[in-house]
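Just so you know, the sequences run in chain order G and A. Every number in this note's numbering is 289 more than the matching position in the first sequence, counting from 1. Every number in this note's numbering is 289 more than the matching position in the second sequence, counting from 1.
Just so you know, these hints were derived from the structure itself, not from any lab. Remember, predicted model here, so these are calculated numbers, not experimental data. Among the clues, some could well be false.
If we take Cβ atoms under 10 Å as the criterion, some of the chain A residues that face chain G in the derived model are [unchecked claim]:
(1) M318
(2) I352
(3) R485
(4) P489
(5) L502
(6) I519
For glycine and all other residues, C-beta sits at the position ideal for the given N, C-alpha and C.
There are 2 protein chains.
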Amino acid sequence: MSLNNIRIVLIETSHPGNIGSVARAMLTMGITDLCLVNPRHFPDKQATIMASGAEHILQQARIVSSVQDAIADCTLVIGTSAREQRSVPWPLMSAREAGTFIAEHSTTGKTAILFGRESSGLTNKELESCQYLLSIPVNPDFRSLNIASAVQVIAYECAVALEQQPVNTQQRRELATAKDMQNYYRHLEKTLIDIRYMDPDKPRLLMRKLRCLYGRIQLTKSEVNLLRGILSAAQGIKFIPRNQRKPADDTRSLSED
Amino acid sequence: MSLNNIRIVLIETSHPGNIGSVARAMLTMGITDLCLVNPRHFPDKQATIMASGAEHILQQARIVSSVQDAIADCTLVIGTSAREQRSVPWPLMSAREAGTFIAEHSTTGKTAILFGRESSGLTNKELESCQYLLSIPVNPDFRSLNIASAVQVIAYECAVALEQQPVNTQQRRELATAKDMQNYYRHLEKTLIDIRYMDPDKPRLLMRKLRCLYGRIQLTKSEVNLLRGILSAAQGIKFIPRNQRKPADDTRSLSED
């Protein structure tokens, strides 16, 4: 599986809770390879708590003392950055572009995605180890993206790109055919006349409006049957002698909410 | 700005820290409208700490006691769900599809995105207030997506989709609000009982199916009025003495095509 070819590298992370949250975020997206470069406090109880079920990601995490060790076996190295302008114009990708790029690459080799310190990000020297920079588009007035949130978004983009197909867990539904809809509209029109909502001599645009409304839904066959059952129930009552009905005009007003 | 038309609704959140993390996640993507339905502990110091610079989102958050109050002025209501199978096949979108859909919608009306309890998500009753369900694709072996991470991914998808949105040339239509729809469903249910299509003692899944059906359409206000006019016309006939009606069972079969 290509997700195995994606490594998350955290550099000098200050808060162990963040390491745990990152592990959890990774695992929700199916990424399991975590490498920690000189973490301040690790292992740590707070990391375990925040991993919240993803503790094995922490247990199997590799701890190294340099970025070079973390990325040695990788064929693609991408740095993350919140800053937009740098003195050296590094090739910059959005998270979405990076997801696609990494997904393509992960069939052939390992990718490392580098996350810098919570306070100051990656150093220029660390950036020089990267082939590309990745930036998540953020609110220019509030760039304070939590490190685990950044990992979550990027891991999500990689997973979606690897899926290639949009998730569709929806059950297959048998949609109504044009003929089903034709029969439905005919039934609806007849019912509207029967319940005296529509005057067949002055139909106005009523049926067109209703076609416009129901046409948008993509009804299933069973839904058409349900709606037609309701129409039939409404029609059933029409067999009452007309002279005993209330005047139609009184029945057209909307009921109170 | 269309991001102003997106509301994050958190329902009965247990951990105040999560509320703070959600506020931070929202603001990084430029979303500021937060509504809390019966939060367990709020305001709370832990929420403020986790907001980490986004405290004003918490301060201006609206606290309400029902989902209906949270969504009353919204014209699109989307529920988030980690579960895949449900008895009624609600229209399900991926986070990406939802982002695009919400971006398109946000030029004309407000969208509420509902997040359920950390432990148990949304109840079926709450799901019935939704027109669509949104599911973030996750690792089937570890579905434990933190609520703030889920908000982060969805807010990110909305922000990216809004960035990419083409100029909307679609005609402005005044969409029905959640309150309009609530009144419509109440009227519909009463009518179905009146015309003896629905037995109030054995309602089965009828109203849920109809909510699922009409929820997909994005009805306009004038369409809701049209449909309610039809309901009133159908109800008008109910005042005929019962002993002169045909038996209800005979009227439930579909008419011939």
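Take the shortest C-beta to C-beta distance between P489 (chain A) and chain G; is it under 10 Å? violated, 14 Å
Against chain G, run the beta carbon of L502 (chain A) and see if the smallest gap drops under 10 Å.
Interface hint status for L502 (chain A): holds (5 Å vs cutoff 10 Å).
Please verify that hint: M318 (chain A), Cβ, nearest Cβ of chain G, below 10 Å or not.
holds, 6 Å
- Message: Using the nearest Cβ pair, does R485 (chain A) come within less than 10 Å of chain G?
- Response: With Cβ-Cβ at 6 Å, under 10 Å, it holds.
| request: Would you settle whether the hint for I519 (chain A) is holds or violated, based on the nearest Cβ-Cβ distance to chain G being less than 10 Å? | output: Holds. Min distance 5 Å.
Residue hint I352 (chain A), partner chain G, criterion CB-CB below 10 Å
This interface hint is violated because 23 Å lies over the 10 Å limit.
Of the numbered hints listed earlier, those contradicted by the structure are 2 and 4.
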